Amino acid sequence: MEQPFIVDDPSTDTFRINRRAMVDPEVLAAERANIFDRTWLYLGHESEVAQPGDYVSRTVGGRALVLCRDHDGTVRVWLNTCTHRGATVCRETKGHGRFLTCFYHAWSFDLAGNLTTLPDAEAYGPGFDKAALALKAPPRVDTYRGFVFVSYNPAVIPLVDHLAGARDYLDLVCEQSDTTMAILPGTQEYSIEANWKLLVENSIDGYHAMSTHATYMDYLITAMRKAAEALGEKLAPPSLDGHAHDLGNGHAVIEYTAPWARPTARWAGPLDPALREPLAARRAELAERYGEERARRICETSRNLFIFPNLIVNDIMAVTVRAFEPVTPGLMHVRAWELAPVGEPAALHEVRLDNFLTFLGPGGLATPDDVEALECCQRGFTSWRELPWSDISRGMAQERPGITDELQMRVFWRRWNQMIGGDPAAAGGGEGETPVRLHAVGGGR
Amino acid sequence: MAVGLDLSRAEAEDFLYDEADLLDGWDLEAWLALCTDDVVYEVPATGLPDGSPATSLFLIHDDRFMLESRIKRLLSRNAHAENPRSRTRRLITNVRVGPAGDGDGAADEAAVRASFHVIRFRDDAMHHYVGRYSYRLRSVDGQLRIAHRRAALDADSLRHSGGKVSILL
Ligand code: FES
Ligand SMILES: [Fe+2]
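Line by line, the protein sequences are chains A and B.
All you need for my numbering is the position in the first sequence, starting with 1, plus 9.
All you need for my numbering is the position in the second sequence, starting with 1, plus 54.
Keep in mind the hints are simulated off the structure, nothing from the lab.
Just so we're clear, the structure is a prediction, and the values are computed from it rather than from any experiment.
Any given hint could be a false lead.
[Claimed, not checked] Listed below are the simulated BS3-like cross-link pairs for lysine-lysine, each with C-alpha atoms no more than 27 Å apart in a straight line:
{"#": "1", "chain 1": "B", "residue 1": "126", "chain 2": "A", "residue 2": "243"}
{"#": "2", "chain 1": "A", "residue 1": "103", "chain 2": "A", "residue 2": "145"}
{"#": "3", "chain 1": "B", "residue 1": "126", "chain 2": "A", "residue 2": "235"}
Could you put together the complete structure from these sequences and hints?
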């Protein structure tokens, strides 16, 4: 008997998703065809190739790519494959140079993609078109505030339209800097033996903060208490408070006040009390520039921003940019970077770097337990046939769902369901390949 | 200024082997007692083993308070990634005493380098952490103490390491 992937019934406050979506290789094949091959995917940030000649290589949507800045200063994206017979032209994850040279037969391309030299070129006939053998770009490449996206769907809607309400939240993150934000050196490269959609849910899940991350909260409160005692002040009771918002096209955010310090610009223990004054000054500058309400949001509120299908920008005790890709239904690869204002004073910058590591990343006091939680879910899904449903209905009856509700996950799943079902409107462009249709759920497996 | 404390390789090895035993045995309070009050414990990001924690993203950069919090967490029942606890075995080798090439050391400190292979077993999985230790060991009241400890991984990612650094490396 056929079962849907989601049951979404506001009249009974019911929202459930079928766990088959987390384990079935057919579902992953449909996700690749209907989502990853059709929408915009985050590749990297312009600041990672700050100088002409800089390049980085990574796999996005299953394709090996090169992000580089050519000698005119233009940011370019190339498929990392030689137009001769296919070898990757870039074999380093990061580098600098004038050319990308394929070592196999030594064809050499400049960073603007032109095939510049090849050995014994005379052997090719007069019809040989060197210009046509330039490196090839993915069908669509575009950037928003330094974030570089690609799409393998030539008919995809423009990036700005795709980003919809998420733009304003990216703006808020970027307004921390008077000039520009940049990705710092160093990548946290890890993996989780769990379905990629579990990390979507987890990255914007306020409900688990107090239970899963009790040891982080204990660290934070101890640090805040020590700071308050040293200053002879009373410790305000820590709280997490805010709301979830649907940003359109499957994007969602939770925005909230939190007890932790923010390098732009909210002082709290364990920060050195000497930083109170510079942080207050920074906040006053931002209020001057953006008005008091906008400055309050930039400085005081934290936000966990999800950009469909697989980008997270969490602007919390520091800013992390996190992208992940399915490898199998039960394995994802994760990359996380740190985004920071360019030219930040060294004292604040160092605090930012350390504040990041208290919570975030696979060596922090929190992320290892997220990895454990997701892997436990995946293990639990072994019984998906007997217990097919996960409940994501929290806060459905609320007029304004809070951050411990699950609206933000429902926003993701609704969009996912539209795209997985092959709804052409959801794919952001009616043209392109025919979407994959999944077979009915049923026994025999 | 050269690093000043006179330490033989055998003394350094004894210290590192004792330390490994404490960590493998989850005797983390005793291990913490080997650290100075101004201890720094750090694990750079994979792919950037020589980075600086002041300018680049690390995996771990702990001062004494953060390290105490990490150990308190690990010894509680709420470090879910280590509950139930993993079992580890640390193979420490290629121990060398001498300047690590990273600048000044105090007169009462010695620089020690070593190779490590930490193998972590949990849930019938085997995770590997392979890399290089750099220490600054300081003599405090005649006892050897850890002033600075960097564990730099050789892998390109944590994909062979269970996706995390949930133990003390
Ligand atoms: S495959 Fe690149 S030169 Fe032949
Ligand atoms: Fe979490």
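Comparing the hints with the structure gives:
no.	hint	result
1	B/126 <-> A/243	holds, 25 Å
2	A/103 <-> A/145	holds, 20 Å
3	B/126 <-> A/235	holds, 16 Å
Checked against the numbered hints listed earlier, the structure breaks none of them; every hint is satisfied.
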